[in-house]
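Enquirer: All chains, please: the whole structure from these sequences, using the hints.
Going down the list, the sequences are from chains A and B.
Just so you know, we're using the working numbering here: the first sequence kicks off at 1 and counts up by one.
Just so you know, we're using the working numbering here: the second sequence kicks off at 1001 and counts up by one.
Don't take each hint at face value.
Said to hold, decoys possible - Residues on chain B that point at chain A, a partial pick, calculated with CB under 10 Å:
#1 Q1307
#2 K1343
#3 G1347
Read the hints as simulated data drawn from the structure, not as lab findings.
Cβ coordinates follow ideal geometry from the N, Cα and C atoms, glycine included.
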Amino acid sequence: MNSETLNTLDSYSKNKYKYGFVTEIDDEKPKKGLNEDTIKFISLKKNEPEWMLDWRLKAYSKWKKMKEPKWANLSFPEIDYQDIYYYSAPKGFEKKPKDLSEVDPKLIDTYNKLGIPLEEQKVLAGVAVDVVFDSVSVATTYKGELEKLGIIFCSIGEAIQKHPDLIKKYLGSVIPPGDHSFSALNSAVFTDGSFVYIPEGVKCPMELSTYFRINAENTGQFERTLIIADKGSYVSYLEGCTAPKRDDNQLHAANVELIALEDAEIKYSTVQNWYPGDEDGKGGIYNFVTKRGLCAGKNSKISWTQVETGSAITWKYPSCILKGDNSIGEFYSVAITNNFQQADTGTKMTHIGKNTKSKIISKGISLGKSQNTYRGEVSFLRKADKARNYTQCDSLLVGNQCGAHTVPYIDSKNNTAVIEHEASTSKINEDQLYYCRQRGLSHEEAVSLIVNGFCKQVLQELPMEFAVEAQKLVSISLEGSVG
Amino acid sequence: MNIQDNYQKNKKNIFFSENKDIQTHRKKLINIFENDGFNKKNNESLKNINLKNFIDFKYRYLISEETSVINNNQENSYSIVSVNGQCSSFKDDKIEITKILDEDYNDFSKNNTIENNDHFVNLNSLFLNSGFKIVIKKNNNIKIKISNIITDDNLTIFQKNNYICEEGSSLNLIEEYENKNNSTSNILNVIKLEKNSQLNHFLIQDNSPNHNLIITSHSSCKKDSTYTQKVYNFSEGYVRNFHYSELIEANSEADLQGIFFLKDNNTSNNKTFVKHLAEDCKSNQVYKGILNDRSKATYFSNTYVDQVAQKTEGYQLSKGILLSDNASYFSKPELKIYADDVKCSHGSTIGPIDENAIFYLRSRGMSKIAATKILISSFINEELSSIDNAQMSEIIQKKLVRYLSKIK
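Expert: Next up, the structure:
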């Protein structure tokens, strides 16, 4: 690394420090708790226009009247919303490990298995490094290329400043702030997230990922992502990381909105591997995510792929509203729960337009003492002529103390629509296991191989680099609980 | 009139209202209604129901002058006509029929572990005004046919029946519900199968448009016993079929099947629930529905497998055919599994009649309607051909022909 880069980065990080600490808040440390002042503080810190603050306050007043949805098959202690920081602490406020030797060796072990380079490990583990190797220059190169095509890819905060028209038009149009309590909470206090706009007819040449965004240093616990694909465009977006990420925030409530206009296609892939808590179920992240895509135009397509292995609690239902005629919605999911993890995840496909199609493939694997629920809704409204759905949700149980549940809701109001749903639950096939062991694999390897085969249908939907890592991740998630 | 007033006013017409234990239980039930009541928002089992008929009803019950008839026409074969939910007592060395007693009520209210939140069952317990108990004695093989008759218009029947199949017995039970008056029947069947017993239960439902039928069953199966239930719903009035089954000892089996044929503005709500609480048990839940005109149906199926219930096999299947633009079908096939060595699955389909099949038949010279009718018959053929009782098979065929003749 040359000295010039070092200097640039140095000054960059210092600037941020100044911005975060001296300007508006002086010596004030961020306060815990949620009230109008917190929201005003966030809005002020992000230098937001008036209308944005109003929007947040409106969402907050809605949130105050709402209760958390209770229908999910999850049990967790009451969330104390007043005991949470709503604006991530400025740099230096939290204690960070000084180098990798202070980081939990188990975490490092996992990084090594995933084949993550040392420098990256430091970032992921939250080690206080001032210089983030060379990714900045990588990012700028990509950014230039995107700009040439007219693609807007920036943080949501930046978008509010620079592209207020698009934000005003689309923010909250798919997930209204008053939809449920977590969406209202997110709308009131979101601090970071991505904004993507693909102009008409542009095919985005690369997989977009927060990894390439300069200021993606702290994605924040209340993430808000908005992706708009204009007519005839295509984009593939990657969220998350296969590596387990250190995070001090316990509650995560992200909102992701996708809008596909006529002939546009959005592919959204997630690998979620947040801290799931220790073997006794202590700690771990509560992940309450709302993801929804709107196929607004004709022939549009939205495809969700997710691999969920982390978090103590996963509450996540990426859904598609198929409004445009001939639009397509897809959902591929692998959810692995171990120890005391609980996952209640699935999708919602709402067919409104004619000839709309949707496909759901969900694979749930429960190990240890975990509970894994698939919950999905497929509904055909009256005008969804010739709509089609195919759903397959399979569960695999490893060990006799876990639970696997399937709760599909199927609602048809149209007599030309066809819906097919099948699900099965079983343990790992003894014959397959025997076959693998006979050929010299250990019990653990055999289970891992079979589980990977079980998930294949979903993993192959992931972008290439992700898929390889995801396969390793599946094997790692199974460790220690088999045999 | 709210539920409490309704109860207080008609207390003297209701069974066991003097019993202290039962009074306390009923107080609890009234509290439940007052607190949560029939809150549609958080209770999907109330989907599509016109609740007014069931909360705000006028309680009216008569003990009819017509008496019930019990015939022992052939050996091991009985036919019973129950009038307004009542049945006179009968006893021989094979079966015993008595009135329902307060101890039966208490037994149900205290030992019911399978579902405590069914409002309609609670209503039944609260306003109970009829019912009987049939015991099939050890090692007997019996056939019983029960016709349920209601003598007057606008009656509200709240009936609780207990069926007990003692060890090694086998019962073939056919129940007919064919009523033409505007009454409401709320019936709860509590079924107990002792070791190695067997019950084949057929329910034929064919009521007129203004008759509401709410039928719920709670069956529990002990070791090596088998409960098979087949519901044929041809009713033109509202029918709610909720059937719960508990497999409490090893190697027992529950098979809950149903077919419903809906037309006009009719609604039907169906639910089956099987709770596996012991090893090596099997269950099967199959419902098929045909919906025409503006009819609506819901079907909830649920398999629960306890941690100890290893080697379970539990299957569910739900199929619906929508014949008209305005019909709607909601299905929720649910699996809750806490044991690992299980084979469980569910399948669900909803759609129109296969156009290719219609085309095939039409190209062979059939009219569209004739083709549709043939395809509907074949859709449920499996269920119909498995009926081994010639007389019953004929009855059901006739009703099917009647339903098909209305299809245009």
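Enquirer: For each hint, tell me whether it holds in the structure or not.
Expert: Going through the hints against the structure:
1. Q1307: OK, holds: Q1307 (chain B) within 10 Å of chain A, min 7 Å.
2. K1343: With a closest approach of 5 Å, the K1343 (chain B) hint holds.
3. G1347: Holds, about 5 Å.
No hint from the list above goes unmet by this structure.
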